[in-house]
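Chains as they are written, first to last, in the UniProt record's numbering: chain A, 1 to 139; chain B, 1 to 235.
Simulated from the structure, these hints should not be mistaken for laboratory data.
Please note that a few of the clues may not be correct.
[What the hints assert, rightly or not] Label-pair distances were calculated between CB atoms; the ranges are:
| id | chain 1 | residue 1 | chain 2 | residue 2 | range |
| --- | --- | --- | --- | --- | --- |
| 1 | A | N2 | B | D63 | 41 to 51 Å |
| 2 | A | L24 | B | V34 | 47 to 57 Å |
| 3 | B | K87 | A | V74 | 36 to 46 Å |
Virtual Cβ for every residue (Gly too), placed ideally from N, Cα, C.
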Amino acid sequence: MNALAAVGEALVLIGTFFYFLSALGLIRMPDVYNRMQTATKSATLGSLGVIVGVGIWALGTDFGSAAWLTKTIVIAVFLLLTNPISAHALIRAAYKSGIPLWEGSVMDKYREHMEAKAKAAEAPEVETPEETPKEGGEE
Amino acid sequence: MLKRALAIITLLIIGYWLAQGLAGVPFGEDRMLVGQYYLDHVKEQTGAVNAVTAVVVNYRGFDTLGEVTVLFIASTGVGALLWRRKKERTAKTEGSIVLTTGTRLLVPFVMLFGAYIFIHGHLTPGGGFPGGATIATAFLLLYMAFIVYEIPHKAFEKVEGAVGMTYVIVGLIGLAIGGYFLYDWIWQDWQWGAENIGRLFSGGFIPVIYTIIGLKVGTELSGIIDNMVKEEVSE
Chain A
1 MNALAAVGEA
11 LVLIGTFFYF
21 LSALGLIRMP
31 DVYNRMQTAT
41 KSATLGSLGV
51 IVGVGIWALG
61 TDFGSAAWLT
71 KTIVIAVFLL
81 LTNPISAHAL
91 IRAAYKSGIP
101 LWEGSVMDKY
111 REHMEAKAKA
121 AEAPEVETPE
131 ETPKEGGEE
Chain B
1 MLKRALAIIT
11 LLIIGYWLAQ
21 GLAGVPFGED
31 RMLVGQYYLD
41 HVKEQTGAVN
51 AVTAVVVNYR
61 GFDTLGEVTV
71 LFIASTGVGA
81 LLWRRKKERT
91 AKTEGSIVLT
101 TGTRLLVPFV
111 MLFGAYIFIH
121 GHLTPGGGFP
131 GGATIATAFL
141 LLYMAFIVYE
151 IPHKAFEKVE
161 GAVGMTYVIV
171 GLIGLAIGGY
181 FLYDWIWQDW
191 QWGAENIGRL
201 FSGGFIPVIY
211 TIIGLKVGTE
221 LSGIIDNMVK
231 EEVSE
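The shape of chain A in the complex, shown without the other chains (with noise of 0.2 Å):
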């Protein structure tokens, strides 16, 4: 048991704290949109603490080699990358379907913009490269 070890050890507790808070936001959150926010960052967040304190964890132990480090920070960044990714696919493509948001909300300037950009392209006599003012103007 030395340092090393110890800040694996505390790397994976706060990893695994935060998957459990993702887990416990998918029960919680009221809509599909919030669940994707907490489970999207809090489980990343998770994942990357564990998988970079495994490694570090294993530097400590006396099997342990930089190999270890090597391939889990790895791993942690693909995730780091392609987590966010598909979050942002998943909902967007909630969206598109049709999915309403939380009846609590307040403000949706998607739709808006959306529906700005329907109306400008059903009337195109009023010319369409006053597009930016005219967003600009909505809000």
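Starting from the known structure of chain A, fit chain B onto it as the hints suggest.
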């Protein structure tokens, strides 16, 4: 309701019957009849440290050839079933900018990792089939993110056929040199890489075969994706 109840009862009976059969098998005990032989001799007989790929490619190479054939038939069958005179991609929406940029960034790494898996088949878990599937995943990513992407058909079909043939040719060379099909001539006769077992340049013809299988599986699964994603268009 009656149908469902009958199905559940039948499944329960079958499950009980299977459990009765399995109850006679002692789990957790030493049941290795052939397995011990493999574990004891895998290093000096094949040069690989991964016993699974050594068994799959060397000891029981016919199985692997059969599996490759099954995949090839599946790919050909999908192609034949979904054959149309004119097929195009009819996807309507491009993936969002995040998705397309992410795909552009990730595809080379996914392909690199797939190649890593099948090249290191004799050292690490994996081999030709997982590596090929990983490479096909990269092409699936491209198909999902871009509405106009298509695999380069000419190159893909040629590679698929050529590597399938190379597998058989490697086996036939073994037949000519050693007397039986899929004889590991690189290891048994040349002793190539005998002094560095456990490193990259070892393992007899396992890396060669797995490179072939990886390319074949990758191109085949990509071809299946291509066939299934495209739709018929009327003129």
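- State the violated hints by number, sorted upward, taking the hints as numbered earlier in the document. none
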